[in-house]
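K.L.:
Top to bottom, those sequences are chains A and R.
Under the working numbering, the first residue of the first sequence carries the number -11, and numbering increases by one thereafter.
Under the working numbering, the first residue of the second sequence carries the number -11, and numbering increases by one thereafter.
Think of the hints as simulated: they come from the structure by calculation, not from any bench.
Note that the Cβ used here is the ideal one computed from N, Cα and C, for glycine as well.
Please note that the accuracy of each hint is not assured.
Stated by the list, open to error - Residues of chain R clear of chain A, computed beta-carbon distances all greater than 10 angstroms: (1) R250; (2) N254; (3) E289; (4) H352; (5) Q370.
What the hints assert, rightly or not - To be clear about the criterion: a stretch of chain R counts as covered by chain A if any three or more of its residues have a C-beta under 8 angstroms from a C-beta of chain A, and this derived list gives those stretches: (6) 329 to 342; (7) 450 to 462.
Stated by the list, open to error - Label pairs and their calculated CB-CB ranges: (8) R:R530 - A:K361: 47 to 55 angstroms; (9) A:V308 - R:R94: 51 to 59 angstroms; (10) A:S496 - R:K51: 46 to 54 angstroms; (11) A:G322 - R:S412: 44 to 52 angstroms; (12) R:V106 - A:G210: 50 to 58 angstroms.
2 protein chains.
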Amino acid sequence: MSETPLRVVPLGGLGEIGKNMMALEYDGEMVVIDAGILFPEEGMPGVDLVIPDISYLVENRHKLKAILITHGHEDHIGALPYVLPELDVPVYASRLTHGLITVKLREHGQIRDARLNVVEPNSPLRIGRFGIEFFRVCHSIPDAMGIAVRTPLGVVVHTGDFKIDHTPAHGRPSEFASLARFAAEGVILMCSDSTYAEIEGYTQSEQVVGDALDRVISRAEGRVMVATFASLISRMQQVIDAAVRHGRKVAVVGRSMNNNVRMATNMGYLQAPAGTVMSLNDAQNLPLDEVVVLATGAQGEPTSALVRIANREHQGIEVVPGDTVVISASPIPGNETLVARTIDNLVRQGATVLHSRTATVHVHGHASREELKMVLSLVRPQFFVPVHGEYRHLAAHADLARATGVAPENVFVLEDGDVLELRSDFGRLAGTAPAGHIFVDGRHVWGMDSGVIEQRRRLARNGVVVVTASIDSHTGRPVRLPTLTSRGLVELDDSDAFFKNAAEMAYSVLEQDLDFSQDLGSRRAEVSKAVASFLYEETGRRPTIIVQIDPV
Amino acid sequence: MSETPLRVVPLGGLGEIGKNMMALEYDGEMVVIDAGILFPEEGMPGVDLVIPDISYLVENRHKLKAILITHGHEDHIGALPYVLPELDVPVYASRLTHGLITVKLREHGQIRDARLNVVEPNSPLRIGRFGIEFFRVCHSIPDAMGIAVRTPLGVVVHTGDFKIDHTPAHGRPSEFASLARFAAEGVILMCSDSTYAEIEGYTQSEQVVGDALDRVISRAEGRVMVATFASLISRMQQVIDAAVRHGRKVAVVGRSMNNNVRMATNMGYLQAPAGTVMSLNDAQNLPLDEVVVLATGAQGEPTSALVRIANREHQGIEVVPGDTVVISASPIPGNETLVARTIDNLVRQGATVLHSRTATVHVHGHASREELKMVLSLVRPQFFVPVHGEYRHLAAHADLARATGVAPENVFVLEDGDVLELRSDFGRLAGTAPAGHIFVDGRHVWGMDSGVIEQRRRLARNGVVVVTASIDSHTGRPVRLPTLTSRGLVELDDSDAFFKNAAEMAYSVLEQDLDFSQDLGSRRAEVSKAVASFLYEETGRRPTIIVQIDPV
Chain A
-11 MSETPLRVVP
-1 LGGLGEIGKN
9 MMALEYDGEM
19 VVIDAGILFP
29 EEGMPGVDLV
39 IPDISYLVEN
49 RHKLKAILIT
59 HGHEDHIGAL
69 PYVLPELDVP
79 VYASRLTHGL
89 ITVKLREHGQ
99 IRDARLNVVE
109 PNSPLRIGRF
119 GIEFFRVCHS
129 IPDAMGIAVR
139 TPLGVVVHTG
149 DFKIDHTPAH
159 GRPSEFASLA
169 RFAAEGVILM
179 CSDSTYAEIE
189 GYTQSEQVVG
199 DALDRVISRA
209 EGRVMVATFA
219 SLISRMQQVI
229 DAAVRHGRKV
239 AVVGRSMNNN
249 VRMATNMGYL
259 QAPAGTVMSL
269 NDAQNLPLDE
279 VVVLATGAQG
289 EPTSALVRIA
299 NREHQGIEVV
309 PGDTVVISAS
319 PIPGNETLVA
329 RTIDNLVRQG
339 ATVLHSRTAT
349 VHVHGHASRE
359 ELKMVLSLVR
369 PQFFVPVHGE
379 YRHLAAHADL
389 ARATGVAPEN
399 VFVLEDGDVL
409 ELRSDFGRLA
419 GTAPAGHIFV
429 DGRHVWGMDS
439 GVIEQRRRLA
449 RNGVVVVTAS
459 IDSHTGRPVR
469 LPTLTSRGLV
479 ELDDSDAFFK
489 NAAEMAYSVL
499 EQDLDFSQDL
509 GSRRAEVSKA
519 VASFLYEETG
529 RRPTIIVQID
539 PV
Chain R
-11 MSETPLRVVP
-1 LGGLGEIGKN
9 MMALEYDGEM
19 VVIDAGILFP
29 EEGMPGVDLV
39 IPDISYLVEN
49 RHKLKAILIT
59 HGHEDHIGAL
69 PYVLPELDVP
79 VYASRLTHGL
89 ITVKLREHGQ
99 IRDARLNVVE
109 PNSPLRIGRF
119 GIEFFRVCHS
129 IPDAMGIAVR
139 TPLGVVVHTG
149 DFKIDHTPAH
159 GRPSEFASLA
169 RFAAEGVILM
179 CSDSTYAEIE
189 GYTQSEQVVG
199 DALDRVISRA
209 EGRVMVATFA
219 SLISRMQQVI
229 DAAVRHGRKV
239 AVVGRSMNNN
249 VRMATNMGYL
259 QAPAGTVMSL
269 NDAQNLPLDE
279 VVVLATGAQG
289 EPTSALVRIA
299 NREHQGIEVV
309 PGDTVVISAS
319 PIPGNETLVA
329 RTIDNLVRQG
339 ATVLHSRTAT
349 VHVHGHASRE
359 ELKMVLSLVR
369 PQFFVPVHGE
379 YRHLAAHADL
389 ARATGVAPEN
399 VFVLEDGDVL
409 ELRSDFGRLA
419 GTAPAGHIFV
429 DGRHVWGMDS
439 GVIEQRRRLA
449 RNGVVVVTAS
459 IDSHTGRPVR
469 LPTLTSRGLV
479 ELDDSDAFFK
489 NAAEMAYSVL
499 EQDLDFSQDL
509 GSRRAEVSKA
519 VASFLYEETG
529 RRPTIIVQID
539 PV
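In isolation and in its complexed conformation, chain A is listed as follows (with noise of 0.2 angstroms):
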């Protein structure tokens, strides 16, 4: 037990374990990989975004070496703006993910002070006593990297986002050679993506949409309109190509999509023949026929372009019947009514709509089964945790470490906040760091611990009720009937006489419990406890109810 263990912590997941955050450690020494947001999920109100919490690393501070970003995804980037003022770390990221987080730190007022790295792949470099080396891995974004990380135990090898794809839209395929070095150096411990273990075969290349939506462009007779996600540029890529091909120009619509197009451009991630991309306003003066609509809202976002369409409510653009409307996306968990209800707005309009349940329009990015039996087998790690996924499929990742054949008792299947101890014949979990989830809503960040939510949630379904009422100041006695009022109550048919009903119940027990006279407290209880009641009786529902009692 002397020997220094490797310390794995992943970090603050919602559903999915290890996803947006985690921490590696040897000997007093840190790094991160990843720093995302995750979007709230249901029942969740009000609530703007969630970020993983950072208490552990603030903790662990002054161990603290750097944060390594495996690519540009809002989950894998997103949360910097929030962590970086606390931990005040170098940034190290691949060329495209840096000008994704320059962009994103600018708005945040950030950049000045952010100590951000750009590295290439396959270029390895000293951070502590962490040997680096960031290698390419095809996901749903350019210049995605998996992160090897050499420890004196072994070399961890975490593949970031990843899928195999021998035929990507940008041009790079999956580096299996690097794989195989790093295997032939040792591998401790491989964290591997999990997202798509439960799904059988192989995931589809790029190149099944490419040949779709070159299908779908050169037969529609007249405007295509492609929505998508802003960060998707090798999709964007493809639907330039395929305009070009067809002679067709391609108007982006959409502030997020505009800025990623210009940057790509910029960087050269994106290319297209002068004059194929042009302004709206110029498109509008072509025919139909010539002209492809690039916009964002494939995911139903209720302020996107596509959304402003579908609901006749977009400035610079009418659907007409012919349009021919691509959602080349497929609807997160969650998202599957807006998707569907921008769908038939688009349907009633009169254009055709194609989406990833109709044709081959979008592929996913991440290893199914077959993909990830064969890293394996490549990269033979000693010890496996599999991260990316909910429970359920790092369950299903963790049976086919143990099919190719990890050894059952050094495959971990992690919760946040797991501290897995690694040495070089065992492992074993160590304890539990805090790994909940904050809040980011309006201009507030707070823990998830908070009693907010749960307030907001009876809200919604009950509403609320507010009782004000007057006592005498000497007396404690009511000096009029208390006043109700509500919002969000169901509908009531004579709610006027309900309401008097209710502010007599309350008088009454005003006047029953003067005891209580010096304890406002007590007596806003008695009066609310009796509302309460009062009101479930009537409707059938608990609202909730805030007492004022003034003594004037």
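Given the structure of chain A, go ahead and fit chain R onto it with the hints provided.
P.N.:
Same frame as chain A, now just chain R:
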């Protein structure tokens, strides 16, 4: 135009058009097909269920001859307890459907007044001037029927929910012969199930699921739990059959499933050798590998048996490693997260979980494109109205109808409330009937246009702040600092100081606007406005603000 038209009015789906209720009218006589409930969508907090607006039927009560029910699912029978007291009309249904309606009306204390009739398939009956004939279809509940309505203009064929299954679990394939017979008589109108009109090919047979369940139960080394819908009686039969074949007993868990098993067994829809189905208590005495548990909760419903088991809150059942859980259903849109969380919690406790994404343990009950085309080709209707589906599904089904030869101008994609008039030579939209939704919430039933839902959404997003002020009834001046109370507002670090500032702001407003001294409404509005903008500046949120001003 002097010919009497046939009127078709789809009523009250929620997204799904014509799903839950449809009126057919000819020459002053009307029949209604189905009377279902809808499950509230996200964004309808606190709403227990939604029923169609039947004001059009109430208005035409004197014409209404009958409600005809296609099958016993909630979205086709669930509104009867709310509708029958208003309409007082006889109900016609097949035997099992009649049984389910009886159970439901008894629960609502309405069975004495109901006029329920059992109909046999292919036994024509006369209702007013309509000739009614039910015919068997396959769907995910036994005794599902399509309905033919003979009118002077020709036969109307309504398929109900259906698929074509040559090897259904409950033994009776769809009746093509009936459809052919109606076609020979001349079908003026077909209304057909569009749920799967976007899905290529054929829907798989229930037999596939039977085989998969058999395989799972034969291979499982420990206990097997199967979760499915309480109404999916054929699935229960498949589970019982497999259990019997492999020497296991079946324990049924969950109130609604127990009720339905009892009812279906009594009516002969469920067969099990004596001693096969037993209480959970008795099953606890058996070795785990001799037990199959049949449970509710396949949709992750929070109070269902399976979810309580997953959350370690069930009295009788605790998951042990070696248990196999089969979720024999696919998540209804909106329930994905609940189902996923349930699976995660079961896997955490060591269960192996099979679900529709990973195994063939569920097939749908709706026809896919090839089946829809076959029915269109067989029936050759003059007019076609796709029903049961969201707008895009109806539009896809309409395309199929045109492709199979229905004249394009005779295909009508309706919205709920559209009044379609058909004559022997043409059809046209002839107006709109009210077709909103009615919310059922606790014990109260209320209309769609209510502001209550919007108030609840706002409360949920932003919370509520109550300001209570006392003013001197003579001078109109505030007599002390107003009191502020909040619920569900963003958590604030220094909330005391913050609320004190807001109270002072409210005080100064009351000091300033003494002009309004007699008009409490305006003074409340002034205070509310000032507090709102203060709160927005401080928190970035716009909570609901309730101001009470008491003159003392």
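K.L.:
Does each hint fit the structure? Answer for all of them.
P.N.:
So, going through the hints one by one against the coordinates:
{"no.": "1", "hint": "R250", "verdict": "28 angstroms, holds"}
{"no.": "2", "hint": "N254", "verdict": "32 angstroms, holds"}
{"no.": "3", "hint": "E289", "verdict": "15 angstroms, holds"}
{"no.": "4", "hint": "H352", "verdict": "13 angstroms, holds"}
{"no.": "5", "hint": "Q370", "verdict": "25 angstroms, holds"}
{"no.": "6", "hint": "329 to 342", "verdict": "holds (count 7)"}
{"no.": "7", "hint": "450 to 462", "verdict": "holds (count 6)"}
{"no.": "8", "hint": "R:R530 - A:K361: 47 to 55 angstroms", "verdict": "52 angstroms, holds"}
{"no.": "9", "hint": "A:V308 - R:R94: 51 to 59 angstroms", "verdict": "54 angstroms, holds"}
{"no.": "10", "hint": "A:S496 - R:K51: 46 to 54 angstroms", "verdict": "51 angstroms, holds"}
{"no.": "11", "hint": "A:G322 - R:S412: 44 to 52 angstroms", "verdict": "49 angstroms, holds"}
{"no.": "12", "hint": "R:V106 - A:G210: 50 to 58 angstroms", "verdict": "53 angstroms, holds"}
In this structure, none of the earlier numbered hints is contradicted; all agree with it.
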